[in-house]
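Engineer: Protein chains in written order, with numbering that gives the first Met the number 0: chain A, 0 to 246; chain B, 0 to 246; chain C, 0 to 246; chain D, 0 to 246.
It is worth saying that the hints were derived from the structure and are not from the lab.
It is possible that some hints are incorrect.
Unchecked claim - Cross-link-like lysine-lysine pairs, in silico, PhoX-like; alpha carbons within 25 Å at most: (1) A:K245 <-> B:K182; (2) C:K182 <-> D:K201; (3) C:K230 <-> B:K153; (4) B:K182 <-> C:K153; (5) B:K130 <-> A:K177; (6) B:K182 <-> A:K182; (7) D:K201 <-> B:K245; (8) B:K130 <-> C:K96; (9) A:K153 <-> D:K153; (10) A:K230 <-> B:K201; (11) B:K205 <-> A:K245; (12) C:K245 <-> C:K205; (13) A:K153 <-> C:K153; (14) B:K78 <-> A:K182; (15) A:K96 <-> C:K230; (16) D:K201 <-> A:K153; (17) C:K205 <-> D:K182; (18) C:K245 <-> A:K245; (19) A:K177 <-> B:K245; (20) D:K153 <-> D:K245; (21) A:K78 <-> A:K182; (22) D:K245 <-> B:K96; (23) A:K153 <-> C:K245.
4 protein chains.
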Amino acid sequence: MASKAIAIIAGVGPGTGAAVARRFATSYPVVLLARNPDNYNSLVEEINKNGGKAMGISTDVSSPDSMKQAFSKIEQEHKGAAVAAAVFNASGRFVRKPLLEMTVDDFTAGYDVSCKGAFMFSQHALPLLLKHAEDANAKYPPTLIFTGATASIKANAQMSSFASAKFAMRALSTSIAKEFAPKGVHVAHAIIDGVIDIPRTKEWLKDMPAEAKIGADDIAETYWNLHQQGKRCFTNEIDIRPMLEKW
Amino acid sequence: MASKAIAIIAGVGPGTGAAVARRFATSYPVVLLARNPDNYNSLVEEINKNGGKAMGISTDVSSPDSMKQAFSKIEQEHKGAAVAAAVFNASGRFVRKPLLEMTVDDFTAGYDVSCKGAFMFSQHALPLLLKHAEDANAKYPPTLIFTGATASIKANAQMSSFASAKFAMRALSTSIAKEFAPKGVHVAHAIIDGVIDIPRTKEWLKDMPAEAKIGADDIAETYWNLHQQGKRCFTNEIDIRPMLEKW
Amino acid sequence: MASKAIAIIAGVGPGTGAAVARRFATSYPVVLLARNPDNYNSLVEEINKNGGKAMGISTDVSSPDSMKQAFSKIEQEHKGAAVAAAVFNASGRFVRKPLLEMTVDDFTAGYDVSCKGAFMFSQHALPLLLKHAEDANAKYPPTLIFTGATASIKANAQMSSFASAKFAMRALSTSIAKEFAPKGVHVAHAIIDGVIDIPRTKEWLKDMPAEAKIGADDIAETYWNLHQQGKRCFTNEIDIRPMLEKW
Amino acid sequence: MASKAIAIIAGVGPGTGAAVARRFATSYPVVLLARNPDNYNSLVEEINKNGGKAMGISTDVSSPDSMKQAFSKIEQEHKGAAVAAAVFNASGRFVRKPLLEMTVDDFTAGYDVSCKGAFMFSQHALPLLLKHAEDANAKYPPTLIFTGATASIKANAQMSSFASAKFAMRALSTSIAKEFAPKGVHVAHAIIDGVIDIPRTKEWLKDMPAEAKIGADDIAETYWNLHQQGKRCFTNEIDIRPMLEKW
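Can you make the complete structure from the sequences, with help from the hints?
Structural biologist: See the structure below:
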């Protein structure tokens with residue numbers, strides 16, 4: 000008998016990824032991918048202690064081999080398991096520089112993670128998502144979610160690395176949605192348009208009320224709501240911003 | 000003491016409007032606006048019988064006087080009540096004609112309801128939504144939702160009346176969102192991209208599986224999820240389509 | 000024998016309209032529509048004096064009767080003439096107000112001119128543009144151009160009247176383009192994203208170099224280039240901004 | 000004394016690239032970059048014979064070294080020359096496949112040329128374009144043009160490689176436009192939405208009139224018109240389609 004359907008979250012740090020992991024762990028065993036185990040170790044422990052089931056796998060999402068190994072470990076741990084939800088939340092090195100000061104590596108750093116990584120993650124996850132689509136007992140359609148940003152639809156000066164990567168990921172998301180929705184996989188792209196309230200952004204907007212930043216838990220709840228949508232109501236794109244955002 | 004916060008749904012027929020009314024009636028007294036009382040009478044009865052609270056008001060949303068009278072009746076019935084949710088779901092007469100065969104009335108028919116009506120509805124609802132924003136006991140931020148369509152972002156041949164109206168409503172929605180979000184009102188625009196499964200569309204796509212149409216109940220659930228979003232996570236636009244939609 | 004093909008420009012003031020009239024008058028007799036004859040009288044004189052041919056017609060583009068009369072006068076003056084180019088450059092009363100302070104008239108003022116007016120102008124002009132499309136001697140495909148603005152694609156706070164009107168006009172333009180391109184009429188929408196350098200804006204950005212504003216003559220030249228495009232290369236949308244614009 | 004300002008076209012085959020080269024060669028010495036010299040040899044000869052000045056350089060635009068060598072050769076041949084126009088017209092290997100059948104190389108093939116290549120081309124060309132911006136005798140502002148496609152704004156099923164690459168290039172174009180317009184460089188992105196009439200597409204749409212395809216010469220003329228725009232009227236994006244295109 001196949002193991003219980005799982006959720007996989009790629010790109011787990013102290014913000015959105017962790018919040019999404021906690022939220023989805025209330026219904027599914029979760030697998031957390033991050034390059035640095037420090038990013039998931041305490042979270043894995045926390046989830047397992049609180050009655051959930053979690054494992055972390057050190058993964059470089061821009062590396063074909065590393066990604067392949069991660070999914071092998073998932074198969075070892077969760078033999079034959081379908082994937083109920085897969086969330087791609089990784090972002091590459093963020094480069095903001097005048098165009099003439101960038102190296103080729105600077106420029107492609109965003110793409111290698113955000114788009115090439117998202118492609119490889121999707122290739123590994125989709126067969127397992129399709130498996131869930133065929134499971135008559137599945138509570139919700141399998142869901143593949145990509146975390147985008149303001150730069151997914153807006154390319155500002157000095158932001159060519161990040162914006163080109165995020166534009167590219169958005170195209171990937173739509174193309175996969177169109178190919179796999181008829182097979183029962185729900186693909187959604189979220190435009191996170193604002194500063195997420197995480198330790199790293201603690202000093203940003205510090206003179207503003209809490210509503211100037213996006214809550215990571217709120218994003219997680221919205222992702223969960225996307226996951227709950229039925230086959231007769233797939234949302235393929237949402238935007239998210241805090242109450243006080245200027246846009 | 001003010002009455003309990005209510006939800007108002009403009010444009011109630013046998014589809015989205017009715018489903019939204021039922022969904023929001025599980026938490027709020029609901030007020031249903033439609034020109035023809037046949038569109039809400041049995042629904043009002045059904046909701047009241049099932050333990051909810053509902054009233055219907057015959058309203059021509061394209062008429063300033065009719066809209067004004069509707070909100071007077073709401074104030075009479077729900078004295079001092081704030082509005083927790085207002086959903087504008089009305090659409091004007093649908094005209095699909097070669098441009099040279101349209102009358103000026105044909106052309107403006109869409110705008111008068113979908114945009115001018117949405118504007119007037121918003122003007123009446125916003126002070127009541129702001130009241131809810133100031134209520135420290137409000138469970139969720141007050142929410143103003145506009146129902147758009149494929150034509151909100153795509154203007155096909157012979158669709159100029161409908162598309163220009165829906166484009167215009169989308170602009171209105173965004174402008175209101177930007178003005179009122181900082182005051183705590185959550186404004187969202189939904190692009191309903193597909194055929195909704197209602198009695199009128201029974202014969203459409205009849206050789207296709209149920210997943211070729213959008214479920215009205217599913218739209219209602221998604222609107223409810225939008226309403227539940229907190230101040231640190233407002234979604235201003237979503238799209239919705241059925242699993243089998245080509246797009 | 001039919002008269003020479005003409006160009007019609009609706010919305011002639013001291014800026015874009017006048018510049019477009021001058022530019023197109025180098026090839027075609029031009030007809031200028033504006034409510035106030037002061038807006039075209041000296042320009043008509045100037046063009047006629049310089050070897051061109053021009054006439055002005057006082058027209059309220061938001062009035063079906065006035066528009067009808069204008070085209071009757073055109074037919075009287077240019078019996079049987081085809082239209083080589085029609086440019087809709089009119090904008091309604093510009094209202095920038097908090098939503099709750101607007102009257103219904105404030106709100107619809109933009110639409111009545113920018114969209115309803117554009118619709119009526121198109122209905123009158125299209126049969127004459129189609130006539131030019133059938134003329135084997137026509138040098139360029141007949142062209143219908145709509146002047147949009149930043150607000151055609153961006154709806155800011157307090158800008159709901161203008162933005163909803165301009166969004167609507169953009170939808171109209173696309174819908175007409177899709178219906179009439181196969182019949183040989185080139186329809187284009189221009190997003191003018193910046194301040195045009197006209198007498199009224201003299202005090203704006205006055206500490207900035209000339210390149211902070213858009214040149215009306217430059218817009219006219221770009222419109223002329225659109226007109227020159229052949230049937231195998233129709234541009235349906237362009238944006239225009241000055242070198243120093245922030246966007 | 001510096002050499003005369005030149006135009007550089009990357010991605011020269013028998014279609015758009017060649018037509019653009021011919022058009023710009025009427026005003027500037029042109030440099031043609033293509034991997035395979037067969038793609039430019041006869042064209043270089045033709046232009047030189049007809050009174051223009053042309054050179055071809057075998058270049059792999061996805062290779063940093065090859066791109067660097069190309070610009071060294073340009074500097075040798077045109078010592079100190081500014082660049083009046085640079086057109087990036089290269090596209091990578093076109094892959095249309097179900098997502099699960101693609102290799103990582105298939106997926107990144109589009110990006111490596113269309114986006115990474117465009118980035119490197121821009122980095123080499125921009126200092127020379129800036130030089131032209133500072134030349135008081137320059138007739139037109141220096142212009143950097145990127146050739147996009149339908150897939151620049153639409154990501155269909157099985158098109159994730161091409162669409163993600165083209166979305167990414169569009170972001171790059173906008174980001175560069177915003178950074179360099181204030182310095183006087185005009186950056187434009189063209190969405191070529193349709194089949195271009197070239198030898199390779201001869202059999203496509205062969206039962207349709209000539210107006211079902213885009214003329215390469217027409218694209219070139221439109222690019223030339225973009226180049227002619229003054230500093231008070233920069234177009235940053237245009238679309239182009241043939242009269243009979245469905246969109």
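Engineer: All the hints need checking, so say for each whether the structure fits it.
Structural biologist: Comparing the hints with the structure gives:
1. A:K245 <-> B:K182: holds, 13 Å
2. C:K182 <-> D:K201: Within the cut-off at roughly 24 Å; holds.
3. C:K230 <-> B:K153: It holds: about 23 Å lies between the C-alpha atoms, which stays within 25 Å.
4. B:K182 <-> C:K153: holds, 21 Å
5. B:K130 <-> A:K177: violated, 42 Å
6. B:K182 <-> A:K182: Given that 25 Å is the threshold and the Cα spacing comes to 42 Å, the pair is violated.
7. D:K201 <-> B:K245: violated, 29 Å
8. B:K130 <-> C:K96: holds, 21 Å
9. A:K153 <-> D:K153: This hinted pair holds, its Cα atoms lying about 16 Å apart.
10. A:K230 <-> B:K201: holds, 18 Å
11. B:K205 <-> A:K245: violated, 45 Å
12. C:K245 <-> C:K205: holds, 16 Å
13. A:K153 <-> C:K153: Judged against 25 Å, a Cα distance of about 13 Å means the pair holds.
14. B:K78 <-> A:K182: Given that 25 Å is the threshold and the Cα spacing comes to 51 Å, the pair is violated.
15. A:K96 <-> C:K230: violated, 42 Å
16. D:K201 <-> A:K153: violated, 37 Å
17. C:K205 <-> D:K182: It holds: about 19 Å lies between the C-alpha atoms, which stays within 25 Å.
18. C:K245 <-> A:K245: Holds: C:K245 and A:K245 sit about 16 Å apart, inside 25 Å.
19. A:K177 <-> B:K245: Holds - the C-alpha atoms of B:K245 and A:K177 are around 7 Å apart, at most 25 Å.
20. D:K153 <-> D:K245: The hint holds at about 14 Å.
21. A:K78 <-> A:K182: Roughly 23 Å between the alpha carbons, so the hint for A:K78 and A:K182 holds.
22. D:K245 <-> B:K96: holds, 18 Å
23. A:K153 <-> C:K245: holds, 13 Å
Consistency with the previously given hints fails for numbers 5, 6, 7, 11, 14, 15, 16, ordered from lowest to highest.
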